[in-house]
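Engineer: The lines below spell out each chain.
Protein chains: 4
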Amino acid sequence: MDELKAGELILLVEADGKRRLITLQAGQAFHSHRGTIQHDDLIGKPPGRVVYTQLGHPFLVLRPGLHDLIQNVKRVTQIIYPKDAAYIVLRLDLRDGKRVLEAGTGSGGLTMALAAAVMPSGKVVSCEMREDAHRLARRNLRISGLGSVVDLRLQPLSQECVEGRFDAVFLDMKEPWQFMDLVEGALVDGGYFGSLVPTVNQVSALLDALDGRNFMDIAVEELLLRPYKPVASRLRPADRMVAHSGYLVFARRVETDDKARMMFSPIRKMHREKWLGEKNGNDE
Amino acid sequence: MDELKAGELILLVEADGKRRLITLQAGQAFHSHRGTIQHDDLIGKPPGRVVYTQLGHPFLVLRPGLHDLIQNVKRVTQIIYPKDAAYIVLRLDLRDGKRVLEAGTGSGGLTMALAAAVMPSGKVVSCEMREDAHRLARRNLRISGLGSVVDLRLQPLSQECVEGRFDAVFLDMKEPWQFMDLVEGALVDGGYFGSLVPTVNQVSALLDALDGRNFMDIAVEELLLRPYKPVASRLRPADRMVAHSGYLVFARRVETDDKARMMFSPIRKMHREKWLGEKNGNDE
Amino acid sequence: MDELKAGELILLVEADGKRRLITLQAGQAFHSHRGTIQHDDLIGKPPGRVVYTQLGHPFLVLRPGLHDLIQNVKRVTQIIYPKDAAYIVLRLDLRDGKRVLEAGTGSGGLTMALAAAVMPSGKVVSCEMREDAHRLARRNLRISGLGSVVDLRLQPLSQECVEGRFDAVFLDMKEPWQFMDLVEGALVDGGYFGSLVPTVNQVSALLDALDGRNFMDIAVEELLLRPYKPVASRLRPADRMVAHSGYLVFARRVETDDKARMMFSPIRKMHREKWLGEKNGNDE
Amino acid sequence: MDELKAGELILLVEADGKRRLITLQAGQAFHSHRGTIQHDDLIGKPPGRVVYTQLGHPFLVLRPGLHDLIQNVKRVTQIIYPKDAAYIVLRLDLRDGKRVLEAGTGSGGLTMALAAAVMPSGKVVSCEMREDAHRLARRNLRISGLGSVVDLRLQPLSQECVEGRFDAVFLDMKEPWQFMDLVEGALVDGGYFGSLVPTVNQVSALLDALDGRNFMDIAVEELLLRPYKPVASRLRPADRMVAHSGYLVFARRVETDDKARMMFSPIRKMHREKWLGEKNGNDE
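Residue numbers (the numbering used here), protein chains in the order written: chain A, 198 to 481; chain B, 198 to 481; chain C, 198 to 481; chain D, 198 to 481.
Just so you know, these hints were derived from the structure itself, not from any lab. Take the hints with a grain of salt, since some may be wrong.
The list treats identical chains as interchangeable, and a pair is accepted whether it falls inside one copy or across any two copies.
Said to hold, decoys possible - Think about it this way: if two alpha-carbon atoms lie no more than 20 Å apart in a straight line, the pair counts; the simulated EDC-like pairs of lysine to aspartate or glutamate are: (1) K466 <-> D405; (2) K271 <-> E381; (3) K426 <-> D405; (4) K320 <-> E381; (5) K202 <-> D238; (6) K426 <-> D408.
The task is simple: from the sequences and hints, build the whole structure.
Structural biologist: What follows is the structure, encoded as structure tokens:
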């Protein structure tokens with residue numbers, strides 16, 4: 198009763214690990230140098246099984262999950278990795294009914310994760326100024342089936358993107374610090390702000406912009422994902438890994454004042470920790 | 198219109214970073230060595246602001262997000278960290294309408310994340326054999342407001358927990374490999390399996406159990422979260438970090454056969470990569 | 198024939214992992230809340246054995262290695278961790294006969310590693326302006342037996358510290374970029390420069406100072422050491438680890454010119470890599 | 198007075214980062230697709246400068262340091278990375294005069310680091326059973342100028358390699374646990390044992406072998422090196438990094454007994470920490 202249908206997006210996995218997304222169409226065939234698979238041999242059959250090309254090479258046939266979609270859809274911009282997308286969703290406290298503003302959309306990888314989180318009654322508004330990215334994001338959201346809660350806009354981030362207040366705002370752009378007045382105004386009381394930037398210089402500039410505005414509970418974090426070779430008798434990490442995707446900056450939108458800002462300031466905390474560290478001193 | 202109400206769970210954050218969850222009750226007071234805050238001064242007011250004790254110490258008043266809940270609810274068992282919970286949700290492809298089986302519940306930290314993901318029309322069935330943990334999880338889900346889609350059961354993982362097929366199964370237990378026949382039977386075609394285990398010996402045992410059964414697309418991963426001191430002019434990582442929460446093992450439930458299993462085997466892939474590496478050789 | 202002698206520094210290791218350096222003295226006793234050990238029971242005996250207090254608690258008696266010395270000598274300043282000290286020695290290409298300039302000395306932890314590396318015919322000149330640190334470093338080098346090749350100076354880094362040319366210069370100070378003219382003049386052709394700084398802002402300032410001067414082959418690196426619980430049947434990383442000791446910056450002193458500097462510039466390399474990355478593009 | 202000489206090994210670094218070791222020979226030329234450099238233009242000149250090919254491409258001319266040698270000499274076996282080699286030297290407490298036994302030699306990368314550390318009066322005995330590796334190591338030690346303190350032997354690790362006692366033994370082989378009786382007998386009182394193994398299964402087997410023998414102060418560690426793109430205004434980690442070189446296992450050779458072994462056992466420590474952790478409990 199849950200068979201693959203024509204028009205559906207599926208994931209083919211090869212024995213060497215290569216992964217491809219294709220859309221099933223009656224009468225079509227998938228060709229690779231390992232041989233051919235007829236779409237008609239998949240349509241009407243259950244997912245989650247192995248099929249063989251006429252040359253005898255096995256392919257795993259799966260419905261793609263969000264993890265597969267993020268990693269395997271076409272893109273024209275730097276990817277936001279699944280590890281980061283998942284953590285952003287949690288950190289922005291997204292779930293059914295929440296309203297989130299994203300800029301820029303890029304190829305729509307994170308947009309899919311935001312959409313999956315706020316379905317069915319939430320809303321994602323996502324602005325992008327590059328037309329090629331906007332168009333590709335539109336296509337990626339359509340084939341992933343996650344587009345229904347998403348409002349993709351071909352426009353730079355501006356007050357025009359802000360209709361009503363948002364529960365969360367996420368900025369994936371070169372100079373997020375230019376937009377903090379807008380973000381401050383767009384968020385509900387206690388709302389969630391997040392941003393991903395690749396360089397430490399950008400983190401510093403963004404922290405400077407948060408300072409003195411109505412943001413607190415500021416965190417800077419990064420996630421490293423270490424993959425292992427899944428062999429029981431010779432278990433070990435993979436040889437190489439992604440060393441860096443980006444720094445994640447999070448904050449909450451709050452009404453504050455100068456005194457509180459001063460008392461909560463991270464630099465004050467740093468000094469106190471240093472002082473405590475020195476008081477505890479050293480031992481021989 | 199979105200003011201704090203009596204009976205609501207809120208998060209108080211102190212200037213030194215200490216975080217506490219409390220339930221607002223008319224006429225009550227929050228006491229700390231920094232002074233007192235009257236609940237009545239919070240009820241009916243918006244969240245996301247700073248209040249002062251009678252001694253002049255500021256506290257940040259927030260509605261707790263899922264990240265706060267996971268980290269700050271009471272627990273009697275080892276925590277699943279937010280970074281891992283978020284990634285598990287993505288890896289298991291959870292969203293509105295999905296059905297997921299969890300064992301054991303523990304203190305309910307991950308259960309909250311699973312529930313938030315499958316709301317409003319999905320379902321989480323979660324089994325736990327320790328009564329203290331089960332009771333605490335029940336209370337944590339109640340105060341977090343995420344209990345409506347969760348069926349908490351005080352029983353060991355067994356066929357009794359399995360009603361109908363699940364889209365995903367997650368095992369957080371000492372010997373997950375003992376239950377792989379049950380998991381194989383409980384999952385839909387192409388369904389998602391995940392587990393978190395703290396030791397490498399457990400990873401090996403689990404990989405052995407997956408081998409020869411109907412699971413493929415196996416991955417072993419771990420996530421490291423590195424926090425930074427958020428000071429613009431002296432940006433640097435924190436002094437210490439969590440070095441290990443657990444190894445994450447993921448797989449898809451598929452119909453396979455001996456030939457495919459052999460051709461997809463990670464050890465075969467390892468040998469091929471090694472061979473390619475040696476062929477590419479070395480340079481001086 | 199290699200017995201412990203009065204006057205020798207030894208390391209006592211307790212069952213719970215606590216480590217202490219003490220100097221053996223005839224007639225003295227070591228007291229702890231686990232009981233007492235008479236120095237006379239150690240003097241004249243071989244190292245590398247277990248002794249018991251009168252209360253029956255075992256202590257491991259060892260000659261301290263450089264790793265133990267760096268971690269366990271008294272200090273008044275931030276430590277340079279063994280992992281970093283070892284790598285600095287390798288990166289600066291230190292070995293018998295080399296001449297190295299260090300500033301500041303701090304408590305002498307790195308100085309010990311530099312000294313061990315250039316013995317017996319090399320030289321370490323180390324400047325420090327804090328008198329308490331200078332005095333403690335003097336004491337630490339004396340008890341470690343590594344002081345013979347070290348010239349400790351109580352003075353700020355200046356031309357006075359530079360007698361003849363050095364094979365390598367290492368700066369462990371707040372603003373190393375203030376001293377790059379001096380370093381450039383102090384190094385032999387092709388000589389090695391290194392520095393450890395805790396913040397990213399300092400790394401940027403130092404890179405700026407290297408740029409436009411006669412330095413090339415510039416590298417910025419950091420080392421993370423992950424300890425494991427050494428239990429065969431439950432092997433896993435420790436719960437917590439040091440998240441950050443410092444960023445390491447290395448460079449070679451070379452005669453260069455504007456054209457070469459431009460063609461070797463890391464920003465040019467970054468652009469080329471980005472361009473290659475985009476050319477290789479994306480796949481679905 | 199310190200000019201480059203014919204017969205000397207030098208390092209050429211290209212603008213794109215490519216590094217090559219070549220031996221200077223009068224009348225010879227270095228050819229690349231960037232053009233040609235005459236050795237005679239380098240001989241008699243100081244190192245540490247930029248030269249241009251006839252096509253105008255700059256090359257940096259350096260004397261190679263140990264770091265360059267380890268990374269750039271020819272090899273027929275898996276490399277021990279500089280970060281690990283440096284740390285091994287520190288952990289084994291190697292310095293002038295120490296005697297160290299290594300098996301297997303491999304291509305001699307670590308052997309060079311061991312030799313540089315114990316020069317001029319120490320000794321490295323290194324056994325290797327593969328003839329191609331042995332021969333290559335011999336050549337690598339010769340061209341690096343570090344061979345004088347090294348005794349390379351074409352033989353499997355056995356009692357024949359052990360002449361007198363060693364201060365340290367390092368095993369880089371598939372099954373180091375097979376040789377622990379030999380190692381126990383080969384080490385002086387308090388001597389240092391180290392090993393590098395790539396898989397967790399090997400770590401467990403080695404820990405099992407150390408257990409019950411005269412080894413204590415056991416540590417399992419791994420080092421991760423994270424490189425950065427050294428651009429002041431866009432400072433960020435490199436895109437990819439080595440995820441795994443190997444697990445490092447260290448121990449000290451001690452005279453012990455069953456009671457001490459039990460009281461110092463890591464599993465006992467693990468239980469105690471767990472108990473303390475649970476006692477400290479959780480907070481809401």
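Engineer: Look at each hint and say if it fits the structure.
Structural biologist: Do the hints match the structure? See the list:
1. K466 <-> D405: Within one copy, since 17 Å is at most 20 Å while 29 Å is not.
2. K271 <-> E381: neither (33 Å within a copy, 33 Å between copies)
3. K426 <-> D405: Intra 42 Å, inter 13 Å, cutoff 20 Å: inter-copy only.
4. K320 <-> E381: Intra 19 Å, inter 36 Å, cutoff 20 Å: intra-copy only.
5. K202 <-> D238: within (11 Å within a copy, 58 Å between copies)
6. K426 <-> D408: Classified as between: cross-chain Cα gap 14 Å, same-chain 44 Å, threshold 20 Å.
Of the hints listed earlier, the one the structure fails to meet is number 2.
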